[in-house]
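**Student:** Each chain, written out:
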Amino acid sequence: MSEETTADTRPEPEPIDNVVIRFAGDSGDGMQLAGTRFTASSALFGNDLATFPNFPAEIRAPAGTLAGVSAFQVHIADWDILTPGDSPDCLVAMNPAALKANIGDVVKGGLVIVNSDAFDERNLHKAGYETNPLEDGSLESYHLLTAPMEQLTKEAVQGTGVKGREVLRSKNFFALGLMSWMYQRPLDPVIDWIDQKFGDSPVAAANTAALKAGYNYGLTTEAFHHTYSVAPATLPAGEYTNITGNQSLAWGLVAASQASGLPLFYGSYPITPASSILEALARLRNFGVRTFQAEDEIAGIGTSVGAAFAGHLAATGTSGPGLALKSEALSLALMAELPLIVVDVQRGGPSTGLPTKVEQSDLLFAMYGRHGEAPLPVIAAATPSDAFEVAIEAARIALKYMTPVILLSDGYIANSSEPWKLPDLSRLPDLTVDYAEGPNQGESFLPYLRDPETLARPWAVPGTPGLEHRLGGLEKQDGTGNVSYDPMNHEHMTILREEKIARIADDIAPVEVFGDEDAELLVLGWGSTFGAIRAGVNRARKREAKVAHVHLRHINPFPANLGEVLARFETVLIPELNRGQLSRLIRARYLVDTISQSKVQGQPFKAAEIAMKIMQLLDGKDEQR
Amino acid sequence: MSEETTADTRPEPEPIDNVVIRFAGDSGDGMQLAGTRFTASSALFGNDLATFPNFPAEIRAPAGTLAGVSAFQVHIADWDILTPGDSPDCLVAMNPAALKANIGDVVKGGLVIVNSDAFDERNLHKAGYETNPLEDGSLESYHLLTAPMEQLTKEAVQGTGVKGREVLRSKNFFALGLMSWMYQRPLDPVIDWIDQKFGDSPVAAANTAALKAGYNYGLTTEAFHHTYSVAPATLPAGEYTNITGNQSLAWGLVAASQASGLPLFYGSYPITPASSILEALARLRNFGVRTFQAEDEIAGIGTSVGAAFAGHLAATGTSGPGLALKSEALSLALMAELPLIVVDVQRGGPSTGLPTKVEQSDLLFAMYGRHGEAPLPVIAAATPSDAFEVAIEAARIALKYMTPVILLSDGYIANSSEPWKLPDLSRLPDLTVDYAEGPNQGESFLPYLRDPETLARPWAVPGTPGLEHRLGGLEKQDGTGNVSYDPMNHEHMTILREEKIARIADDIAPVEVFGDEDAELLVLGWGSTFGAIRAGVNRARKREAKVAHVHLRHINPFPANLGEVLARFETVLIPELNRGQLSRLIRARYLVDTISQSKVQGQPFKAAEIAMKIMQLLDGKDEQR
Amino acid sequence: MTDTARYTRADFQTDQEVRWCPGCGDYTILASVQNFLAELDVPRENHVFISGIGCSSRFPYYMNTYGMHSIHGRAPAIASGVAAANPDLHVWVITGDGDALSIGGNHLIHALRRNINITILLFNNQIYGLTKGQYSPTSEVGKRTKTSPMGSIDWPFNPVSLALGAEASFVARTIDMDRAHTAEILTAAYEHEGAAFIEIYQNCNVFNDKAFIELTGRETRDANRIYLEHGKPIVFGKEDEKGVVVGPDGAQVVDVADVGIDRIQVHDAKAPEPAVAFALSRLSVGPHGPTPLGIFRDVSRPTYERQLADQIVQAQDRQGPGDLDQLVRSLGTWTVE
Amino acid sequence: MTDTARYTRADFQTDQEVRWCPGCGDYTILASVQNFLAELDVPRENHVFISGIGCSSRFPYYMNTYGMHSIHGRAPAIASGVAAANPDLHVWVITGDGDALSIGGNHLIHALRRNINITILLFNNQIYGLTKGQYSPTSEVGKRTKTSPMGSIDWPFNPVSLALGAEASFVARTIDMDRAHTAEILTAAYEHEGAAFIEIYQNCNVFNDKAFIELTGRETRDANRIYLEHGKPIVFGKEDEKGVVVGPDGAQVVDVADVGIDRIQVHDAKAPEPAVAFALSRLSVGPHGPTPLGIFRDVSRPTYERQLADQIVQAQDRQGPGDLDQLVRSLGTWTVE
Ligand SMILES: Cc1ncc(C[n+]2csc(CCOP(=O)(O)OP(=O)(O)O)c2C)c(N)n1
Ligand SMILES: Cc1ncc(C[n+]2csc(CCOP(=O)(O)OP(=O)(O)O)c2C)c(N)n1
Ligand code: SF4
Ligand code: SF4
Ligand SMILES: [Mg+2]
Ligand SMILES: [Mg+2]
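Taken in sequence, the protein lines are chains A, B, C and D.
If you're matching positions, the first sequence starts at 1 in our numbering and goes up one per residue.
If you're matching positions, the second sequence starts at 1 in our numbering and goes up one per residue.
If you're matching positions, the third sequence starts at 1 in our numbering and goes up one per residue.
If you're matching positions, the fourth sequence starts at 1 in our numbering and goes up one per residue.
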């Protein structure tokens, strides 16, 4: 193999405005890495993009099986896109199992690039193929290209010093090189990254060699001479980074810590798909961040309640099973009226369910998952980058109203990525709080004396002389905070706790209607369905449909104008990755006969599904109800 | 004191049809016992009755303080009553604190009987009285009678052998004796009970002596010569016992065990007000009952899940904070599709709240208190004796549909009592189950192959040869039960689990409308508000109001005809001891603009409150909405 | 402990009525703790009392310091959060045998192994007081209670053994009635850096009266209280006629006269390994017969909250204090003009 | 262990693909257990495997017996329910260091003290495998993982010490690679009536490779494996040149030559008190340096489920079998005509 990586003989690439590519292989094949690097090059190149990694099983299955397939989808475009794409235009399959698990999603006529070396009898058998799909004509409706990637990788890395099992590890870079050729991505960012990551090692050399070999294989092989180019997107001017939801949520918490001047405490217990928030924060000790890997979720929230008492910006994060365990302590925080952010990165199903998959089915649990009358604010992130802002908003509400706040994210937001235009960090909201510093009623300090506007109680932190007081889970007398069994006081306090949360409605942005204000159909959504709904609505509007979209960030309380907005539309469609949970809340509150569009397949909505539902409703409106 | 207990000089008692009496004293004064014995005599005498014990604080406070007051209310009548009464006609107050804490509830003109010995300066001070209410005229609007009960008790027990602090312990029996005189209750049942309980001891002699002394004091003292009699009620013929809700619930579980032929397993952790179910069952080892006092609520349900797997009729019981802890394991049982009864004896407030008080605020928690889409049947007991039947119903549903069932009771049902006409135990429903015994599909056994009607899976218990299988919390393939990450299977299973519960609607009694079928107003209730609602509706109807009452035993799923019934009424009033939880469910499901009547004071509704609300709604109907 | 102490006991009392049953051992412990704090030269506002649920757990309401009456069993976790957030506070955990060892067992053992700077007072009355008399994880086998009418079949924990097995760096036992000894133990526990665990035998005169009578009864107490004192031979009895030896079979009670005082174990609370402390904890199963009281173990090990704080300092030294602008750029950026 | 054994290993395998990483120690343990069960003369349907969540906890899917892959940390509680409900089953718990000692620590120690008849296999790989590499309660101080990038500050548990402190009646340790020893320990644990606790060192070659290299490496293993055998002097090393003595300072490793074989501790797994077993457990902190393997303790104590069953029999003997008619009348009745 020669060292040259560019050639003047390069054919003219076909310009396309967007493409959806899926890298699929065995969990051990490094497809997440190939996908991420492809994404990074595209980002630096200036495309808009969205990604969606898909880990199918919890544990690495034996190589070659369907259960072991790992995939990474990226959507790149020269325009402002909203989702990682419904169906790949191009699939890279590193083995028969990867082909089998993913081919069904590929658009007809799409490009299928296959590592032919992996299609031996053993692997075909493991994947459950009776005949070789590369030969039996079953892929006729696709544009199939094959390359003996293992063979070529082996040759490429010769002389770099890697040996034995290590050799084939570089084959993902071969695939990445080939794809970089196909879609005319620059190699330099990848090479830089390799150098930074692996330094001056044989592995670095091997990966670079395989990368270039893949690129050159495309360049020199007739079959790969039809290439494509996606021009940079005309995104709003600014500095961008590509970010996943968990990363952005972690940074949002740190930003809130800086905006409030309070140190961040994060007590948590690892659980998919929330663990990477803990991991991201654990790296930020220099920001004064205290992460506490607790013995379980109860201690995760327990330590955070303690830290909140001690005056920190306290947060805890988990997924559904962990939220279940936190319920009792959350109720204590509510009663003690301490600020606390509880992040729930939702996953699929009840019990252990589908731990690596997306679902929005913890909404009613977040709303009602505590004994007694225990209302709490509930807010949700809509996209990976939105998680940054939502984390700050959660902190704002928690600190201003002295209440725990539940922040809902999900497995899709957590792991998928999008370009994020870096915000002006000098203009973060001012979240500074005033700890109580002295008596608030004559000579005495009443820990439950309230701010008349927010109904928040004062926050007096241990160590402050003269404000010694005791919190607790028993019902308390308003004002003094003393234990009280008085019947009327209990009713008063119950209503007061309810009212405190209800008042937040006047302190949040009203909902904004996107699309056709005069439409008959409103699509109402929340959380990670944002991209699919917005794209679906756009598609329908392109087809002349009149339709509007409202996306909720605040679910409890609802924004003050929501009822009035809903009343403007004849039909309200609520697509959710659950069995209609927001729908129930809307029905109970506004008595609107919502139409629920439900999907519980562990997968996000496709824009096409939303668009189709919209068209159906608009066409057959009369029969539908 | 002479030995004579009856005298011919007895004045003619005034016949009354019902009376509400409250015994109040320090926690150490034995008022619960006095009340219970008074109740027992009344029961044996044939009155209808209802009781309501009220323990105000968790821990015994220092004698004489308001926090230490303990009260027991009993309503006796010659007709079929429904509640322990709204306001006492007669209050027995053993000390100033008891007077102060309870006098506000007594009907004006009511009888107030006071232990005058306790009204010394120290006790008055402790109760927060500045002047002595027995002397300052503040009790003018009541009929006040005093007796130096301590002095008289001391004299009465002389010679029985009790000494020192023991002596005054008998003063509750003095009070009981006096009340027995006032309301012409027989002493013999009390004396029999004393003999049985204390045998041939000085304590027995002292209690009996004090009892008789109290009775005789009434007989011989002019002031007490206006007595009352309540004739036996004309209850349906049959054998009766007086029963509290927790007792009856425990027996219901035992009855279900016998009706199903399955041994009962009850894994639980003590918590007020559920502990006495565990305690009652622990005494029933000869019924083959296995109680397991677990290390916490998680292990309480965990052991029960294990026992269910092993083929037992498994139950676990707790109150709100414990239900919170059980949430995750409950979700496992749901996923494993194992039969399990989860009893929640609701108490007041979020967090520790008001542990000894009643509230119905766990309804939405029972409905939605699990992550993911995790629907479960929810049923509720309406009265203490109803808990027996509801326990059997819970077992029926759990076993037939292979599902956990949540049974809601509350602190009011748990501790209050009513006469229970013993059911014909030979006619318990047949709950026998068929464990799987062999293959169900060709040669193989599919643990998730379903009964086409109920959608229940088979129950194969460890120890059965050939049916070895593995359950778990990960999503499973329908039929085989193997772990499955397949998107469509997950949606299928989610809907299937939902449908299984929904189908129960056709297998439960439709709701019955009590009262005026043609009324404009329907009062819809659930749980322990039954008595107050029914009595309130009756009162309103006596005042010519047209009103109907529907009381729900099944809340999930709702009975099949509920929607149709609701549609018949213009106005639906839903009284609840919460902030409108059933109301939200009804609104979401049926889009009915319900009116919520809420009370969260740790106290049951009074019939008068319900009646008043009904009258208000009917009078000012147009303005109300 | 000077005449000029800035506090008196009254400074640590609140305006809340103390609501335990008359005669409850909790009163004595409350007095011991209040007296102890009054003698320290530590500002009142730097004490934080965190409790769970139980009779004993009402303790914080009666302490005029910062406090939280939290939820059942979780006090060690909440206290860990307070201590980790602010290492300058002194954080106390008040808990019962049910609270600490039944529902809260896991948080207890984890707080101990982490050696986070909290002082845990476990009021062991061998019963559930607040819920009115069910057996607890320290109740003896065969005990008849409301939930064990035929006798408990649960083998009890020995809290000292459990704490030692959980890597505790400070483990002691005392008894409510012995106020002087309690004060001594509190002093040592307070001075210990890291998690300190004190089991306090506490009489519940309502549901489990006289559980500790062998240690408190006039007739028997001398014969049964083995006071462990660091650096001293472990002898006890009215005339110090009994002693403890430790050898290849563990710890045994002997007549000093039989073996000679030289063979009597000299107590070493500072031994790096807890093996001998553990052996001593096995001398009694519950408070029956000769029972060791005092400090079983008191060794020093880096504390959690200090190490956490150190990591922050180190990270800031190395990377500079956190810069948000840099952080959001750390994954690489590109610019759209 | 006869030629006529009714089962082969294959009888205990299921049709589910085994989904651990290639090279994972879990494979070896699975094989050991399947082989062991095949040699028993116990019907397959009488085995129940209950696990929590973790890599190791997928075990039940691969065992052709009854089983449940339950939720994180709760397996000991669920298994206790199975065992209490049906004492004729043999109930196994499969758990990891995170599952058993982090979230599940409380259920573990309570199952041990209750001595309920379950056999607990703790796969200790000193890491969270399933969630991809966070430190666990057995990870060593200073360990750098995803959640401890500057090194863990959590002092680890010694699972054997913890189990002994929790009153366990059977406590043992073995290592995945040593299949013969694993078989021996399984046999003894299986025969033990009551809760049996086995810590199995298990290599996670993906997230914590070579954690046990001192015990498995050719060079070092002889010097570091201390096999405990009941009734035998505790000696080890290539030539049995090292030994263990137990005295007033706990347990120490010595050169046999220095002290003479007679002073070497003769291992007594049946000692009524766990003091010496505990001392032995302190010879190593994690698998570093000379580390005892084998049965630390194996004593007999009434089991929970048998006592429960006995109470039922007793109650029925005394009161007759439960009569519902009588029961509902037990509080007194009256008749309305
Ligand atoms: C989650 C939860 N479960 C159960 C309870 C009920 N409960 C309160 S205190 C207690 C046990 C008290 O025993 P212990 O800890 O020994 O304290 P003591 O009252 O003896 O001082 C129980 C079971 C509760 N409050 N919360
Ligand atoms: C309630 C809950 N919290 C957290 C998790 C995530 N989780 C699954 S396994 C695991 C730890 C696994 O470690 P270990 O028990 O050591 O098992 P290994 O994978 O190492 O065999 C965690 C944290 C979960 N499934 N459920
Ligand atoms: S019940 Fe026992 S522990 Fe509780 S306050 Fe009373 S005496 Fe003390
Ligand atoms: S991650 Fe580790 S423990 Fe889990 S299967 Fe892979 S090698 Fe085994
Ligand atoms: Mg106790
Ligand atoms: Mg592990």
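These aren't lab readings, by the way, just hints derived from the structure by calculation.
Watch out, some of these pointers could steer you wrong.
To be verified - List time: in silico DSS-like cross-link candidates among lysine-lysine, alpha-carbon distance up to 27 Å:
1) Lys108/B x Lys606/B
2) Lys100/A x Lys126/A
3) Lys232/D x Lys197/A
4) Lys132/C x Lys126/B
**Student:** Each hint should be assessed against the structure and marked as holding or not.
**Tutor:** For each hint, the structure was consulted:
{"no.": "1", "hint": "Lys108/B x Lys606/B", "verdict": "17 Å, holds"}
{"no.": "2", "hint": "Lys100/A x Lys126/A", "verdict": "11 Å, holds"}
{"no.": "3", "hint": "Lys232/D x Lys197/A", "verdict": "54 Å, violated"}
{"no.": "4", "hint": "Lys132/C x Lys126/B", "verdict": "25 Å, holds"}
In terms of the numbered hints stated before, the structure departs from hint 3 and from no other.
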